[in-house]
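Undergrad: Sequence:
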Amino acid sequence: MARRTPVGPAGLGGETGPADDDPPRPPEPEPHEEAGPYRRSAMLLDAALEIGAELDLNTVLGTIVDVSMRVVPSRYGALGVLDESGGFSAMISRGYCSDRSAARGEEMPHGTGLLGELVRDPRPLRLDDLSTHPGSAGFPEDHPVMTSLLGVPIEVRTTVYGNLYLADKIGGPYTQEDEDILIALARVAGVAIENAHLYRRLRRITEDFQRRLLPPMPQVEGWELESRYLPATRLPNIGGDWYDLFQLPDGAACLAVGDVMGHDARAANTMAQISNMLRVVAYYRREPPSDVLHDLDRALHDLHGGPMATVLLARVEPSASGAALLRWASAGHLPPLLIVPGERARFLRTEPGLPLGVDFAVPRPDHHTELPAGAAVLLYTDGLVEHHDLHLDDGMRRLADIATAHADAPLARLCDALLDATFDDDVTLLAVRSRP
Numbered sequence: 001m002a003r004r005t006p007v008g009p010a011g012l013g014g015e016t017g018p019a020d021d022d023p024p025r026p027p028e029p030e031p032h033e034e035a036g037p038y039r040r041s042a043m044l045l046d047a048a049l050e051i052g053a054e055l056d057l058n059t060v061l062g063t064i065v066d067v068s069m070r071v072v073p074s075r076y077g078a079l080g081v082l083d084e085s086g087g088f089s090a091m092i093s094r095g096y097c098s099d100r101s102a103a104r105g106e107e108m109p110h111g112t113g114l115l116g117e118l119v120r121d122p123r124p125l126r127l128d129d130l131s132t133h134p135g136s137a138g139f140p141e142d143h144p145v146m147t148s149l150l151g152v153p154i155e156v157r158t159t160v161y162g163n164l165y166l167a168d169k170i171g172g173p174y175t176q177e178d179e180d181i182l183i184a185l186a187r188v189a190g191v192a193i194e195n196a197h198l199y200r201r202l203r204r205i206t207e208d209f210q211r212r213l214l215p216p217m218p219q220v221e222g223w224e225l226e227s228r229y230l231p232a233t234r235l236p237n238i239g240g241d242w243y244d245l246f247q248l249p250d251g252a253a254c255l256a257v258g259d260v261m262g263h264d265a266r267a268a269n270t271m272a273q274i275s276n277m278l279r280v281v282a283y284y285r286r287e288p289p290s291d292v293l294h295d296l297d298r299a300l301h302d303l304h305g306g307p308m309a310t311v312l313l314a315r316v317e318p319s320a321s322g323a324a325l326l327r328w329a330s331a332g333h334l335p336p337l338l339i340v341p342g343e344r345a346r347f348l349r350t351e352p353g354l355p356l357g358v359d360f361a362v363p364r365p366d367h368h369t370e371l372p373a374g375a376a377v378l379l380y381t382d383g384l385v386e387h388h389d390l391h392l393d394d395g396m397r398r399l400a401d402i403a404t405a406h407a408d409a410p411l412a413r414l415c416d417a418l419l420d421a422t423f424d425d426d427v428t429l430l431a432v433r434s435r436p
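Heads up: the sequence shown runs through residues 1 to 436, numbered per the UniProt record's numbering.
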């Protein structure tokens, strides 16, 4: 019986080494019924829509392979992404006993085998018998046995982004129609990958711009401080979330978290104006927080037409008993969260008051509470608790649950735990804790 050469994503890259006994193949898929031309056209259209719907690069790559294996039914599939030097920077494979994705820093194909063939000569490659090709010899032992191959380059205009290949078609050899379909999918994939690269670049630029608008964390004696800003997952827009923390002349620490309506350059500009004006007003007005918000709201109305925004303003100062006293007022913002080790985290009862930009003449109530030793206070924006598939009450409950579970942890770990999820909107956190 003729021996078939093991080939896989890394093997197609051209690693050398003797092949021992063939590894076990994955379970056989269900028998496939060949799709008619109309069904193929519908599947191709659906595939193009599915591939083009994603912007995250890793998700795009996996979707391309999954969709290709579905439209041209195959047991195995892979996609190699090229870097600027022509080497592989990422590899997505499907059909193994455990699918995997490799990224830069992991062992990559060397590009001297069949994958390299597609890189050096970016034209479709269709093989009924891999063992007849000179690039299909001497591969790692852990690759499944493959017999046939269909590979195409992924390119946009004159730029080759990588290559896509399928192995072992279900139901017969690869045909010219299969090749035409995979070429069409590769063209869609090229545009999707280019868009994902542009999205990643734009996201990096907007994140950097947003963070430059936010202040660095100061050093306040006796307090542990931590802040986080996380942009919205889906859209790389400039957001209106902001925070601030600074020390007042009387020794109190002033904390603020706010959210300006909108996700554009205008929102970012308004956010910077409000943040800067709040610093000035709080520095001279100092207390109570409700009066600071009133003066800020009045100034914004007179100077900038009263932009809409929510703000939670707080100050922490020593109380008569020696414990820390938290005083705060809200302009339409969510309440602060008190986190005490050994207790369940709880939201401090807050009458929210009107947001900035609605009616500066309406007073906002002040609130105060003493902070137990070792207690932390968390200020946050609504992106942390509002999700398209989650009720606000459930989001608030999730926040309290996570905070309770990490009440004894350093604030950095608490903030990381709170942000270990996918969010629809920008998220800003500001956490403070008195040091013993």
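The set of hints was computed from the structure by calculation and includes no laboratory data.
Think of the CB as a built atom: it goes at the ideal place given N, C-alpha and C, for glycine as much as any other residue.
One should not assume that every hint holds.
Said to hold, decoys possible - Quick list of the computed label-pair ranges, beta carbon to beta carbon: (1) LEU49 to PRO363: 47 to 55 Å; (2) ASP394 to LEU348: 18 to 26 Å; (3) ARG266 to ARG120: 31 to 39 Å.
Undergrad: Evaluate each hint against the coordinates.
TA: Hints versus structure:
The hint said 47 to 55 Å for the Cβ distance between LEU49 and PRO363, and at roughly 53 Å that hint holds. Checking the proposed 18 to 26 Å range against ASP394 and LEU348 shows it holds: the Cβ atoms sit about 20 Å from each other. Judged by the Cβ atoms, the range 31 to 39 Å given for ARG266 and ARG120 is violated: they are separated by roughly 50 Å.
Violated hint for the displayed structure: number 3, the only one.
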